Structures are given as C-alpha cells and as structure tokens.
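Novice: Here is how the chains run, residue by residue.
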Amino acid sequence: MTTHGARWSPVLVALSLLVLCVFGIALGSAVGSTGFESWLAAMHDDIAWQIVWDIRLPRSVGACAAGALLGLAGALAQGLFRNPLADPYLLGSASGASLGVAVALALFGGNPFATEFLVRLGLTGAAFVGAVLAVMLTLMLARGVQHTLRLLLAGVIVGVVLGALASLITLLRPDVLQGMQGFLLGSTSFIGWNACVLMLGVLLVCVVLAFALSRVLDALSLGESTALSLGLPLAPVRVALVCVLALATGTAVAQTGLVAFVGLAAPHLVRSLVKTQHNWIVLLSTLMGGALLLSADLLARMLLSPQEMPVGVLTAVLGGGYLLWLMYRSQTTRATQ
Amino acid sequence: MLKRILALAALFIMTSTAHAVVLRDDRQIEVTIAKPLQRIVSLLPSLTETVCALGQCEKLVGVDRYSNWPESIAKLPRMGGGIDPNIESVVAAKPDLVLMATSARGAERFTSLGLTVLALEPRSHADVQRVMRIVAQALDVPVVESDRVWRHIDAAVNAAAQSIPAQAKGQRVYFEVSRAPYGASESSFIGETLQRLGVRNILPASLGPFPKINPELVVRAQPDLIMVGDSNFADMTTRPGWQNMRAMRTQRVCHFKPEESDVLVRAGPRMAEAARLMAKCLTEKGKP
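Taken in order, these protein sequences are the chains called A and B.
Taking this note's numbering, the leading residue of the first sequence gets 1, the next gets one more, and so forth.
Taking this note's numbering, the leading residue of the second sequence gets 1001, the next gets one more, and so forth.
Take the hints with a grain of salt, since some may be wrong.
[Claimed, not checked] Partial list, computed: chain B residues near chain A (C-beta under 8 Å):
{"#": "1", "residue": "1077"}
{"#": "2", "residue": "1081"}
{"#": "3", "residue": "1180"}
{"#": "4", "residue": "1217"}
Because the hints were derived from the structure by calculation, they are not lab data.
Model, not experiment: these values are computed from the prediction.
C-beta atoms are modelled at their ideal positions from N, C-alpha and C, and glycine is treated no differently.
Work out the full structure: start from the sequences and follow the hints.
Specialist: Structure (structure tokens):
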C-alpha cells in the first residue's frame, strides 16, 4: 500500500461496482413507500406486483442509468477541460434544462392548445430541448470548441443568463415554484420503462464513443501542445467528445432534474481507487456514477418513507462526505510519514 | 359651560384612546395601532381577501402581485410579492398599516422605515377566524361584525357538506398540491375542509401538512378520487404505474382551473367557496 491509498486493479473495481449496481437494483425493487418488502410477498398481490414491476424496478434501473450518464459526462468534462472542478453542467445544459422546464410548467394548464402540445413533448422533452439549445448557444458564443478557456467562460455566461430567466418565470408564476424546486434538487420518482430504455440506449452509444476516443484525453492530460505534437486529430475528436458530453448530460437532466455532485464526484472517487488511463477512468466513472445515484435514491426512499428526500441532497452528502474523508485521510497519512 | 367642556374633553379622550389597539401578531410582537387606519397595503392574497370580506376593501392602497380577488382590487397598484416586496413603492404609498405573511421578507425593513407591520399567517380553519378577528380589530371593525362574517362562512361550509349525497361520503381522496409530488394531508387547511365534507384523506396528519411523498404511495393507497390542479393533471397519466390506478381508469379525477386552485389553497374567507368546489367534485365524480 502506498501513501496515495490502495490502488486496486481496474477490473476488480469494475466488477465490484457492477455487483453493487445489481444488488442496489434488486434492493431498490423491494424498498418503497412502505419500507422494505420482499418480492415474494408482492407476487400474490396485483397492486403490489404492479408497484414492483412498473414503479420500483424502472425507477432503480433509471437512477443507475442516469447516474452512469452523469458519471461519464463528468469524466469527459474533467478530461476535456483538464480541470478537476469541471462537471457535466459546465456547458450551460443545466440552466438550459431548467429554463425549458420553467417555461413548460408556466404554460401547463394555461392555453389548452399549448397544454396538448406540451403533454406530448412532456417535461422531459422540454428539459432536453432546453439543455441542447443551451449547449448550442455556448458553442456559438465560444465559436467552436478549440479554445478551452473561451468555452468555459461561454458556458458560465450562458448558465447565469438562462438561470436568471428561469428564476424570472418562477417569480412571475409562483405556482410553478414547487415543481421547479423538485427539478432543481433532482428526482428519480417519475422514471418509467420508456425513460429507462432511452437512457440505457444513449448510455451505450456514449460509452462506446467515449471509450474509443479516450486516447485523446490521455494525450490532453500532457498538455495541449504535446497532444498536438503527437499527431492526434485533436479538433474533430474534441467536437465529438463535447457532443457526447452534451448528449449524456441532456438525457440525464431531462429524466431526473439537476442531480448534484454525481458528475463531479464520480471521476474523483475512481481516481482515488485506481491510477490508470482514461479509457478505464471513463468506464469506471460511468459505473461509479450509477452506483452513487442508485444508493442515494435508495436512501432517499427509505429514510423518511413514505415521504421522500430530494435525491440531489443525498448525492451531495454521500459523494461529498466520501471525498472529504478521502482528503482528510490522505492528509493524515502524509503527516504521519 | 365648564361641564360641557369637560364632557367634550372626556369624549375626545375616549375616542382617541378607543383607536389605540395593541395587537399580538404571528411573530409574537405587540403591534400598537394608534389612529384609525385609512391606508392599508396587503402583501398576502388571503389577507387581501380578509380585508375585503370585512367590507374594508376601499382602504387598500396596494396589494401584492398574486392577490386577484375580489375584482374591485384589480386596479390597485401591485407592490411585488411575498418574497420580493417592492419596499420603495410600499413606502411611497404611505400606508398606515402593512399586512404581510410571517414567512415574507422585508418586515424589519418596513418597521425601520417607520411603517406599522402586522404579520399574520393563516394556516388552518381556526386561523382564518383568528386572523379575521385581529384584522377586524386593527381596522376598527367591531368584533361582533367579524364574528358574523365568520359564522356566515362557517355555515356555508356546513351547507356544502350537507349537499353531498350520503353514498359519496367516506371516499378516500388524494389531493395533490404540486407535482413534486406534494400532497395535502389531514393536518393541512385543505385536509381540514375535506374532513368537514365527510371524506377521508389517504395522507395521515402524521406526515405534516404538505408532505413530499413517494408517488408509489398513491398507487398503493388506491384513492377513490383524485383532486388536482389543471396544470398538474396535464401529464398525470404518463407517470409510471398511474394509468392503471382505479381512480384514473374510471376517470374519478377532478382537475381544477387555476382560479379555482387559488380558492382551494388559500386559507382565507373564500374557504366556503373551496368547500363548495370540492363538494361539487365529490357529488359529480363520487361513488355511483
């Protein structure tokens, strides 16, 4: 064991995270508004069975998938911007999505024509459209993806401006306030099977692409000029990675709202466990994000049942608590040497 | 002559002290109202409605942007909302009294600017009566009068309860306040009205007035009837597992228009109208 904590084999970490996810999903289908309840008991009761199959299972799988998307996006963002503070919401997708949701909520129940259109699009659709438009706006302001600093700044500006617009709508229509708050704190309550399939599909595409392009992230970690001198096709790969980042974030945000901290914490947790190249970091962050959001969701359901905690609060407590402990531990081990 | 002067003086003292009322508001602060009020600003819709129910509507010189009843206040200047009152326009209106919620911001600022603030937060049926009494005292309306208004409201709630056919009583109702989802439990203002209408609530009082619930709780409880605002109803069927719920399948769902939702959620003098709206829903969509 070295001072930088135990370094585990990536395969071992991946396997244990997978086991954790599967176990969490199994547990998640047995935990709900009535506390713990086994499936065997539910088999004989139609309503209980429907609750397990139509509500708890997709919700658990969905929480895992959304967390995985955020973890993946976080690893990509930190690699692309070579900044340990980068998180998936960096390109303005978070505030774009909240603006989309605020507009949709404000229009709901007003004009019947608008309502019918919105029901078809859904809140998730509105959030996704908002997130994508915000990222496009950021890219336009930054005039492409080649200047990291300009991209970062444009993302911050778009985030602040769109966030302000969303707040303005909430102020004018106070009845959307609680709905907005639910979105801002993140919620996994309304994930159904369709959402699960969608997220898993997007996740598959994003993981494959990110894994294939991760060599550029390794090269980038040596500095921009070194990466260029290695003869890598930096420009097109960067565009592709930003697109993957935006797609993964947008999909997750649309289904679960702004879940805090998963995207930031997952890559850090992975790096504290293994020291490896970006292809493994991307994969492991994906799994780590899934495990993190899933366990937060389980706790959110259990702690106050039948009431619920906002899941974003728990991800922050869980991920943040663990990171703090890691920092504290590495400091004390260094001090005792 | 001297007698007359003395009598006049006595009368003068009596009338001037008659207006000096000391009231304890919901911040537990003693508020002294020294002179008859002529100009009032209200920064909470239910307080605006209370002032008007006491027949003092013409004394309002400004309201918050969410106050929308009665129609006669439509022309009044809007002075921000509970969380963002427009301090400047309130002060510029030179009110003798500012009525606002205890949860609202700006009370200290108003006081330090020399305004009299009465902070009240009606949350239950009993609160509606209590707040109405306090406002009546502040506005120099006889307590007898405010009690008469209250009895009228109370009787109308009872009448609404009696209008519901016997077979529609005892239903189990889920009232959704907003889409997080927050429900209204037995201990909320809405829950109290439901109770008086003789129906049961699927959310017990132990959860607190407006709990954020796990949506599967509703599927598990299988309410006979669902009450919800238009804006939340719009995509209710797309929630996982909800379209198979008995109440959804048999369309025992009442969705209220935004202006009706305002009536339902405000703990104020329109609670009888709220009871009537719910009674209508229970009668129309209730058990056959």
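Novice: If a hint holds in the structure, say so; if it doesn't, say that too.
Specialist: Going through the hints against the structure:
1. 1077: Residue 1077(B) check fails; min Cβ-Cβ to chain A is 17 Å, beyond 8 Å.
2. 1081: Status holds, d = 7 Å.
3. 1180: Holds: closest Cβ of chain A sits about 4 Å from residue 1180(B), inside 8 Å.
4. 1217: This hint holds: residue 1217(B) lies near chain A, its Cβ roughly 4 Å from the closest one there, short of 8 Å.
Taken one by one, the earlier hints fail for this structure only at number 1.
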